[in-house]
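Protein chains: 2
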Amino acid sequence: MEFSEHIKTANVEDVLLRQPLHPPTRGTLCVTGHHLLFSDRAEGDTRHVLLLLRNIDAIEKRIATSSGTITVKCKDLSVLRFDIPGMEQCLNIARSIETLSSLDSVLETYPFFYRPADHSLQDQWGLSSTETYYTQMVELHDRWRLTELNRDYSVCPSYPTSAIVPKAVDDDMLVKVAKFRQGGRFPVLCYYHRKNGMVMVRSSQPLSGANRKRCREDELLLQAVIEGSDKGFIIDTRSSQQAQQARMTGGGFESKACYDRWKRLHRQMERGKALQESLIKLVEACGDQSPNMDRWLSKLENSKWLSHVQTALSTAGLVAECVERDGHSVLIHGSEGTDSTLLISTLAQLIIEPCCRTLEGFLALLEREWIQAGHPFQLRCAHSAYSHARLQQEAPVFVLLMDCVWQLWRQFPLALGFSEALLLRLASEAYASNYGTFICNNDQEREAQGVKTKTHCLFQALLKPSEREQYTNPLYEPTKLAIWPSIHPQSLQLWRGFFLRWTEQAHHLEEVQEEIRTMVTEWTRLMLSPDVSDLPTCSA
Amino acid sequence: MEFSEHIKTANVEDVLLRQPLHPPTRGTLCVTGHHLLFSDRAEGDTRHVLLLLRNIDAIEKRIATSSGTITVKCKDLSVLRFDIPGMEQCLNIARSIETLSSLDSVLETYPFFYRPADHSLQDQWGLSSTETYYTQMVELHDRWRLTELNRDYSVCPSYPTSAIVPKAVDDDMLVKVAKFRQGGRFPVLCYYHRKNGMVMVRSSQPLSGANRKRCREDELLLQAVIEGSDKGFIIDTRSSQQAQQARMTGGGFESKACYDRWKRLHRQMERGKALQESLIKLVEACGDQSPNMDRWLSKLENSKWLSHVQTALSTAGLVAECVERDGHSVLIHGSEGTDSTLLISTLAQLIIEPCCRTLEGFLALLEREWIQAGHPFQLRCAHSAYSHARLQQEAPVFVLLMDCVWQLWRQFPLALGFSEALLLRLASEAYASNYGTFICNNDQEREAQGVKTKTHCLFQALLKPSEREQYTNPLYEPTKLAIWPSIHPQSLQLWRGFFLRWTEQAHHLEEVQEEIRTMVTEWTRLMLSPDVSDLPTCSA
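Taken in sequence, the protein lines are chains A and B.
Following the working numbering, the residues of the first sequence are numbered contiguously, the last one being 540.
Following the working numbering, the residues of the second sequence are numbered contiguously, the last one being 1080.
Hint data in this document are derived by calculation from the structure and do not stem from the laboratory.
Careful, some of the hints might be misleading.
For the chain A half of the interface with chain B, some residues (derived, Cβ under 7 angstroms), not all of them [unchecked claim]:
hint	residue
1	Leu21
2	Ile63
3	Ala64
4	Ser298
Taking lysine-lysine pairs in the DSSO-like style, the calculated list, with each CA pair at most 30 angstroms apart, reads [stated by the list, open to error]:
hint	chain 1	residue 1	chain 2	residue 2
5	B	Lys839	A	Lys299
6	A	Lys231	A	Lys167
7	A	Lys195	A	Lys213
8	B	Lys992	A	Lys299
9	B	Lys839	A	Lys273
10	A	Lys281	B	Lys821
Non-contacting residues of chain B with respect to chain A, defined by C-beta distances greater than 10 angstroms in every case (computed) [what the hints assert, rightly or not]:
hint	residue
11	Pro564
12	Met713
13	Cys826
14	Met833
15	Gln933
Since the model is a prediction, treat every value here as computed from it, not as a measurement.
Every residue gets a Cβ at the ideal spot worked out from N, C-alpha and C, and that includes glycine.
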């Protein structure tokens, strides 16, 4: 496809840009295949606003006879308003934005065109993988093995090619287990707790169905997981009632009778449409201009967003308690095993594992638990809070994760090696990016599109010295202890840095961060160079 | 009176102290005339908890046959629980606490007994006064004079001995004006804006009453205030309806007819009992152990506290706008002129005047606008949020001020020279203190009790090198600009550092402050000594 087909008017002069925090400015607006570019005409220093079309969630147009206004609402929650002279031009621009911001084909998205000078397509792609994790965790090798069973994605389309499974279970058995789990997502190890040898395993729901079907291999696999200990815990991210109901549509849960050494605990987590609607309500509340305090607090409550944050942190805390405090292995799953399951396994690892709390460690964790584990980013992040499009499979699970991590970061401001800026950046990149990291829904799709050879890797880019500095926490002091978040309602706060980031006040907070950063940099420069050998690392 | 009369049991062994954030400890509990002292028996390092009895807002006792539990709820919102062996002993201790924590006589309070080694009663008392302010502001001297009219407190019992008034008004006229204003609080200058020569003046309401009485001298005084400019603004901290109703009980407002060059604006601020109840509800909500997020948000909303913060900041912003942006002088008053009036004049000065934003400048501002201006601390701070005593004249106006200043501090983290710790300390000291600064209701009472010769001054103590460090803002970067607070509901937050300070999470935030402080100290030590000559100062 030629992008130019969709661009009737490429340039408009004398456009007025209005944007919170900035005075209105006049300049030229250009539409290209992937961007909206506004350059203001102020003499001396030209100001550019470059906006990825993919970042645009919704546009609103108001057309008068000789001009029009286009309001662009972005997936990163920013809002820009362009006053455009000429009705025709305005309509053309609006049409271009509408079409080009929602191109279906992945290959036409910007990551396949982005070629910055300091990156090479030969650079390493990604930071971590199941293989490297397995190699690092030598203690695992006795009882666990790496299987390449899924090398052609035929056993589980949403899993990567390799998985860590108990040695006691061979590939033939795994194939049967995969058939018994929704989407083929058989139980795989995602975390090994060195301190006591316990593990976290995740999967999708078993397909026991209305007839309470069993799968002997599945039972054996789970038995093998807790080999040598008295019992394990299954954390089901649905209510007990929801799990029961799932049987009517072919799903189900691990019954006490068939999995007698596993204790099942249910924690109802909101998902899918309800979660998306919660985000929409919250963003609407944040944008409300009413000066009424009661109205704001009541809308905040009504959105239920903070309740979802609380439930996620509390469920992750439960998993962490099972593994770290009580010394039991845990299996986590809900229905598909691609959303709440990953949210909980990621948060639980952050709580108990210091290695996940460095900048690299955290990105590697996201890569394993979200990118490779098959969170369907393309479906979930197709639209954000402003779109009026009918909800399909959108859900802000990843934003919820970032929010929960921010709560941890706020409660333990010294314990995490990365900054709030990283969480903000990641939350935006998941929706629209120059990089290939968050595109497609799983490894198979990324392989088919050649993502790893034709796009650049965000995580690698974030670790480059030029970027890295702003994403580290200047106050980081590694601790080997678990960081148990308080989940009292009073302890959880709205993530203002994200939800109100385009308003005045978030601005002031950045100043503080900047000030602290400058100070630490200066300080470090004056003192000896920092000793990085103390950082937690996962290597054996 | 002998305190010992009220102490039947002075010492109890084997008492168990339970307190949030600390493991329970066993030790000895002593009651003295002014303190509750708990020393734990752990070998090696003895831990002491020393609690001013005056700090105790309410006690609850649960007595069993051979022991009892006393729960002590403090005015600084902390809660301590003592398990005491022996029913008799427990009852004795409870009785002592009840009596000694609410002694009526000011002379029996601890400030009159507190004699630390590094203080002398000959030390300077206080930091600022009307006289010093007048001396500094030489630009005032043309049109304003210092009157000693109130030297024996006969004209206005709640004012200090001197006041700054227009030269055009002589002392005889002032006496008449004082008779026309509630409690004799005639209009006095509290702030001179060097940038444009405008002033802030404050008073109580005029006693126009049902018959619309006039006072020619009052009209002349206000006329003289705006001499040379076209008009002034009266910010009335009551709704227009409340101001009308006040006429029925002898009060009133400045009518357009009699004060034709003054424009009156009404801003309804909550006061007295309603404000106290708001605090009680908020503290109750903060202590609620329910894990329900909706319940918490709904209780927060219900307390209305944040609405009061918003109204105060918005009214202060309005005053600041009049003076700084529009270049008009302002008269502020509500009814008595001892509460909301002072709140607004203080906040407005912080917004527009850089000199008030240093540690010294802020304390001096509090001294002039609260201590000397006659905020009745003894009445307002008799009880805090836990007491079941019938509300008399209690109202947390000063706590509300501290909260509003904290909001400013949060929105402009570099612009204020003092730390959150200072606000926390002041909010506690106003209710119970070793120092004489916050005792009594006005200058006259303090004079009668000999406060300035028989107690130590808190503000002087806070500026001693040993204390000072923790009360300065390590990130302070003076700005000459006004700091306009955002009063969007989304921009205002619960002051967690105060309302949740005794819970886990506030704890973590202190770590950050500590870390930053250490860094800055180290940094400053390494660099040249800091250049303090840049600090804003009020001297001419």
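Cross-check of the supplied hints:
Annotation: Leu21/A was flagged as interfacial toward chain B, and the flag is violated, the nearest CB pair being 12 angstroms apart, outside 7 angstroms. Of the supplied interface hints, the one on Ile63/A is violated, with its beta-carbon coming no nearer than about 31 angstroms to a beta-carbon of chain B, more than 7 angstroms. Because the smallest distance between the Cβ of Ala64/A and any Cβ of chain B comes to about 30 angstroms, over 7 angstroms, the interface hint for this residue is violated. Satisfaction of the interface hint for Ser298/A is found here, the shortest Cβ-Cβ separation to chain B being roughly 6 angstroms, below the 7 angstroms cut-off.
At roughly 14 angstroms between alpha-carbon atoms, Lys839/B and Lys299/A fall within 30 angstroms of each other, so this suggested pair holds. The suggested pairing of Lys231/A with Lys167/A holds, with an alpha-carbon distance near 19 angstroms, which does not exceed 30 angstroms. In summary, the hint linking Lys195/A to Lys213/A is not supported, as the alpha carbons are separated by about 37 angstroms, beyond the 30 angstroms threshold. Straight-line distance between C-alpha atoms of Lys992/B and Lys299/A comes to about 51 angstroms, which puts the hinted pair past the 30 angstroms bound.
This hinted pair checks out: Lys839/B and Lys273/A have alpha carbons roughly 28 angstroms apart, not beyond 30 angstroms. For the suggested pair Lys281/A and Lys821/B, the alpha carbons sit about 27 angstroms apart, so the restraint of at most 30 angstroms is met. The Cβ of Pro564/B sits about 19 angstroms from the closest Cβ of chain A, beyond the 10 angstroms cut-off, so the non-interface label holds. The Cβ of Met713/B lies farther than 10 angstroms from every Cβ of chain A, with a closest approach of about 42 angstroms, so its non-interface assignment holds.
Consistency note on Cys826/B: stated as away from chain A, yet its beta-carbon is not over 10 angstroms from all of that chain's, at 6 angstroms minimum. With a closest Cβ-Cβ approach of about 4 angstroms to chain A, Met833/B is found to fall inside the 10 angstroms limit, against its non-interface label. Every Cβ of chain A is farther than 10 angstroms from the Cβ of Gln933/B; the closest lies at roughly 26 angstroms, confirming the non-interface assignment.
When the structure is compared with the earlier hints, violations turn up for hints 1, 2, 3, 7, 8, 13, 14 and for no others.
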